[in-house]
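Residues per chain are reported as follows:
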Amino acid sequence: MAFEIPKIKYTGRIKEVEVGTGPRAVKVGGATCYPFYSFEGDMPNVPKVAFEVWDSPPEEWQDWAVEPYRDVIGDPAAWAKKCIEAYGAEMIVLQLRSADPNGENKPAEEVVEVVKKVADAIDVPLVVWGTANDDKDSELLRRVAEVCEGKNVAVGPVTDKNYKQIGAMAIGYGQVVMASSPIDVNLAKQLNILLGNLGVSEEKVIIDPTTGGLGYGLEYTYSVMERDRMAALTQEDAKLQFPIICNIAPEVWKTRETRLTKEEDPKLGDEKKRSVLMEAVTAMTLLVAGADIVVMRHPDSVSLVRDMIGELCA
Amino acid sequence: MNLKTMPREYRIRFLPIDRTIPAEEGENLLEIAMKAGVHINASCGGRGACGKCRVRIADGSVESSPHSSLSEKDEAIGFRLACSSSIKGDAIVEIPLESQVDRSILRRSAVMSDVDAGAIDRSLLCQYGCEALVGRYNLRLPRPDMQDNVSDAARLMRCLAPRIGCEEPLVPLGVMRDLGGGLRETDWNITVNVATGGQMREITRIARGDREKDHYAIAVDVGTTTIAAQLIQCDNGKEPSGNSYDDARRGRMILATSSDYNGQISYGEDVISRIMYARKPKGLKKLQDVVVSTINRLIGEIVEEAGIDPADISHIVAAGNTTMMHLLYGIDPTHIMLAPYTPLTTAFAPVVPRDIGLDPGEHARLYAIPGVASYVGGDIVSGVTLSGMTESNEVSLFMDIGTNGEIVLGNSQWLLCASCSAGPAFEGGGIQHGMRAAPGAIEKVRVNPVTLEPMILTIGRTKPLGICGSGLIDLVADLFLAGVIDRNGKFSTDKPTERIRKDASGREYVLCFAAETRIERDIVLTEIDLDNLMRTKAAIYAGCKVLLENGGLAFTDLAMVIIAGGFGHSIDVEKAIAIGLLPELPVERFRFLGNASLGGARIAAASRAFFERTSEVAGSMTNIELSNNTQFMDEFMAALFLPHTDEKAFPGVMKGMKIGNR
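Each protein sequence line maps, in turn, to chains X and F.
In terms of the numbering used here, the numbers along the first sequence are unbroken and rise by one, the last being 314.
In terms of the numbering used here, the numbers along the second sequence are unbroken and rise by one, the last being 662.
So here's chain F without its partners, still in its complex pose (with noise of 0.2 Å):
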């Protein structure tokens, strides 16, 4: 390990409640007492507007930017807002009186974050190394004479063969008349694209000059809410040296990401409903376009950014979940949707993205990864590949909580799929104030268990604009376990506070308040809302429970839960526990991966090991259907209660709740 990038390390003594948590170098404040459970009151999602979250430092120095809420006296003395202060040495923190909480009913955060995503890159190329599924080669060709007068393309084939290994690439007649005018302006000096489609190779373009570096790749993750974009920088046929500066290197695979709501969506929030849409005359090519646009857009924004030639983006890789990658590639996507669920294919051939709309230039090439039936796709398989279940002979369970909520139970010999009908209340459907995990949406919340004070921090710290799935999850976990919310998801109505009240459709509970937000109205979570959580959450959980037992299985015979899905950049397990999404085991045994589809995508760009691994991955995948199994049907109204019905099952959340409610 480098030490020279590790950040230093500082220690942070909070007081009254005497508890002390290591910090790195420049994290906030705010933050840190989150991970610390320590709660501050603060409602404006960390951006220093509302002033509420004043602490004083007893002891060490921060670094804080002024606020107009705190007088010269205040600062004098050593206030500051938690929210706007960064950490630069060891520091004791005071917490004032109106943000104290008896210290019993505080827990510790279990926060898992995706953000260590450089780290399994590196161990997946350095397991499946990293030749590109468009592999970019510079060759230097010998100069002919007499002697040796073949043809441009046999010398062509005579550099490449060995780097690609093998004899005869296919050459398409358009990159052939590129040829012989390209060797000879550079002095021999080219650079060729060789794609990879199944067994054959097929050099796809001809570039003059030394271009070996200019390789990249585009990761697509095909949403039904959400579609996320990554561009990569490939690193064709270098195995990672262990050596920390090219590890450090390969720290930038991913050079820049963005991503947005799929177009689709105004032709329906889920798969069903845009396959019905497809179904009227005109509407696959409508939702093909539709689709198209947005990835196209995507790609635009990500090259930008990167500031690289488009032309010099060799592949395509797209993870998506069946409906959506008929829908991309326009094909039928009827027959999904009507008993008995057959999908035209699950694999998609290579093809040339112009042929469907997409931007990058004729020469780039589209890989899908292949799914495996209906309702469990290619985003699966791609996140089952990356999360490496599928190389241990210990059990694990993977599940993707997404507009639909898949899971994956198995090893490195067996698996088993499904797919529940989750509803899309984690990526911000059917939410009033939902919303996917983009800048303002509230991603963590912690809420004072006696005053129902809030405590809230928003993606890129500015001013809440909704809430995205992490910020629902802890949200809905503490008002349960302060006894807001009732084991039937129901708001008690016996709380004093003017955050709960009663509207024409039930009650809500109001998270914050119109003047703090960026909409101008009040963020609230309300009883509908509840319902739609309840029944993902109950999907989910109860789509496992009948995995696991097809699998003659219980939860805790689980070596690894792995979690992924786009509802925000972290996960507190404990709170995910606490209202039974997950089911009750050690901490440590979750792993939070975040959008693994995307993940998967990814490296299979770079790894063309990987992307094979990926049809291996499928084809041993048994789909258990669940849309017809009464077993799904029981579990599922067992597990529509807080935490669940069986109350065994959740030991530890219901001792808490006996804390929580006095």
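Here chain X stands alone, though its shape is the one from the complex (with noise of 0.2 Å):
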């Protein structure tokens, strides 16, 4: 008798999902095995790596991470078009950096104007990513459903406390929700529950299960996906059958090692090379925990990422 690969049976169906419009539209999901595993199942779309662009000029950012983008970082639209046609982005996540009551705490007409330009100059996906503040998240986001009325976007993060809110005005105007919650299955799952009897639909939900950056709680997000996946695809727990999107950038590209040069800390080595492989190697396993989505900012550590897929997917 010829050598049989014992295979996992699975009982479930990642559901698909689609962000944009027109040609240029990306569909998430689909999956009936692990990630990568298509010996045992199918993985119809491959994970995307979406790029970030943020709607106000970054301060803190490294020169290293500037660099490819120095001649747009003063305008958003500029900025998505270049990673767009320079570096092949599919995807765009539009960081709403400067409302955060926190920080610069801009009204949300006046953030909601760059959504806008940039959701017009663009012709992939947008994902729109809010400040994790729940309260503002909840009057800005529902500004952003609004005017991107007809375009297809991601919101998100939306949480238990705004869920309602955004949930309502993101069915009204047909948008698809990031749903967010703190490194948690039953959290993921209770909140995908309170969606569910909100009334949206199951075709327009993303799981953002919060993610770590490489050394600061990576694994903690790997192991949560990762039990995310078991129980969608063996365990038949169809409020968990939803695509995942990992925020990875702005948790890499804040860590002390990417930060450091090479000067201040000799041992840490070369500091561009250094903070491509933590963002790279970071988005690389979160792919193989499940992320359909990952995204990310720098275009030498998407390339690697994208050989990765490539060959995983060959």
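Since the hints were made in silico from the structure, they are not lab data.
Idealized CB from N, CA, C, for every residue including glycine.
Hints are all accurate, no fakes.
Simulated crosslink set (DSS-like; lysine-lysine; CA at most 25 Å straight-line): (1) F:K490 x X:K136; (2) X:K136 x F:K502; (3) F:K648 x X:K15; (4) X:K161 x F:K502; (5) X:K161 x F:K490; (6) F:K495 x X:K164; (7) F:K490 x X:K164; (8) X:K136 x X:K164; (9) F:K648 x X:K9; (10) X:K164 x F:K502; (11) X:K164 x F:K655; (12) X:K161 x F:K495; (13) X:K81 x X:K272.
Derived Cβ-Cβ restraints for the label pairs, each shown as a range: (14) X:E146 x F:K648: 36 to 42 Å; (15) X:N105 x F:T462: 49 to 55 Å; (16) F:T493 x X:P23: 39 to 45 Å; (17) F:R11 x X:K9: 54 to 60 Å; (18) X:E146 x F:A504: 25 to 31 Å; (19) X:T234 x F:P281: 56 to 62 Å; (20) X:P266 x F:T493: 57 to 63 Å; (21) X:E226 x F:K648: 17 to 23 Å.
Just some of the chain X residues that point at chain F, by a computed CB distance under 8 Å: (22) D160; (23) D184; (24) N186; (25) L187.
Combine the two chains into a complex, taking the hints into account.
See below:
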């Protein structure tokens, strides 16, 4: 008798969620197997890398992070276009940093103008990432959902504190919501149930499990995502069968290891190479755990990650 | 069964819903309606103050007191207040329009009450015998003469030995000194108290004359929040006869009961803050004094109520959690709260109560039901032994819902136990208008799912003071099933009623408006209350789940789920299932024991064999530590939802919810 590789029996399927419209709309999810286990099931949609763009010039960025975007960093629409045209971005994540009440705290209306400009300037799907302040996001993301009508954007993070306000607008204007919970399978599931009860369609939900950077809690995110996928695919847990997005870039690039220069700590080696590897390894790890969209910053780390996805899906 | 003692039973039919249920003579109409799942608006707790519970007696008659809200004309055509009406025959009761609800959304209730303690007591005393921990024996000694002039003491032993089955009980010097005069003055007719202490027996008192019937003991449940005490009539050595007269007399084994908040509450609400306080200079002594004075006050009350001579109290049996027992005995509890959580002791030898400051005389003895571990104390052992789960081959789950949630799983061969820091929500702690189950506490609630108007009953049928655990369970379940509370325990915002309103700290539901209460403030349920309740119920459910998994079992494998705790005189099992406090199992598998700790202490006071059995039970429990258990944390998060994140575990509730939400 010929040797047969033991296979896992899957009973579930990740729901397919579409973001954006037109020819460059992106589909994520749809898998019937663990990440890259195409020998056991289908993975119809290859995981996507989304480039991050900040809504106002980032002041704390390392010089080697600014470098690829130096010419466009003051203009979010131009920045987004450069990501698409120069670096082949398939998705753009607009991080609404300037609205953060702990920072500049720009009024929602002002920020929404920027969102509208970026949305109009690009033809790839747009993901709009709020401030992670429940109250501010509740106001801000509702308006975002409204001004992006017809563009099928993804808005988030949506939490158990503001899901009603944002969820209702997302339903009304046909946007996708990113349901965010603090690194816990049960809390992720609970928020998905609440969104379902509110009336958010199952094709309009992406999970944000909360991301830790390499060396800063990555393993927690990793095991929670693993468990999300086990529950979704082998335990028929319908409330966890959603694609996952990981907002990696801001987590990785704020760590000490991406900030110190070679002069400050010679042991750590070249700062740019080090930072790029930090970002790439974080993204690769989370892709293996089940991420469908990874949000990244540096074109060099993106290209490493694309190579990996390409090889694993070949 | 003695038919004479059975109250007459009648049939009460409610219209227009057309539901008929049996009721006993004298039963209150509002309570019957609640039992039948018939909604009648009522907001004063059944005191006859609000005049809202108007019903029309269409046929038959009830015993009613008149009320100012009913005009003569109303009364003439049959209107009465349900709360002030009692049953004296079959009746047809019409519910007026303002109280009506679509029958499809009404659920029958599955209220379980702890009032049947008498039957449990009787069957346990049959099983274990009723030789008390301290026996009281009337002896008539043969007078000495020249042929038989052995010592007074030897003469006493000769008479006593066959009665107590011990040849040489200890006789302390003080008791010995009393012997001589007593014997001669009473014509050799004396009554002797004999205490049990391990293998030893000791004569603790010699009274003059025949005092055998004046034989009393006190059972105390030393809870973190509440202390309850009962005065027990001991029935030394007389086996229950099966004779209905004797059995009815044994139903009166409890002569008086009283309870109050543990005076230590001012020094912290939970055991950890008490231990912290005990570590301060003189803190331990202070806490001991405070709890002792609470117990002394309760003893004083019940002794007075029963009108007995306190000198006839022969012993006290206390059951409490390990920390409370350390504090009662004045033993350093520090290491209970420090890893690896070792108590100084879990077993306490009998002592003279006065040695720790308790009132009963020098001759009395204080016993304690032994515990298992730092967070599974004698209160749990007491309840588990009382529940009888240790005598069955089938597996049962015992849960005591107090300031902590303690749970025990097992049968006659093995027992697993665990403690989950559940928080005191069901005893009223952390709930704005929460209170323990005392007069004035709202103990039953129904909420009309359409109008969201409440129907409440209070303990003692007085104007409400607050809500106790059973009322809280009812209220949250009904609001949840009516769609007023979301699955994450927050009020939904779109229900049109003046009872839901928003203030600075969030939304709240007004259960009673100020004018209907005794506190002259609105009695409300807030979102913070809901958070605390959710945490409590989640911890208890998660603890059960982890314990079951450790035993390789599922909820469906349980023959019985026994619920104990001081959260009320009754629990509506279906409501407790609806909020996910209890697992969704057929209602007939649940038993409600009320204050099982006190119940066990009571039986132990009356039966030495039962007390000895508690030691065996304590010895056979294996404690599972949950405080560092990751599986417990995970189950806790999963249970922090209504009824639970796992919808498959609550199919019935999920179905009921869909009906409630249109």
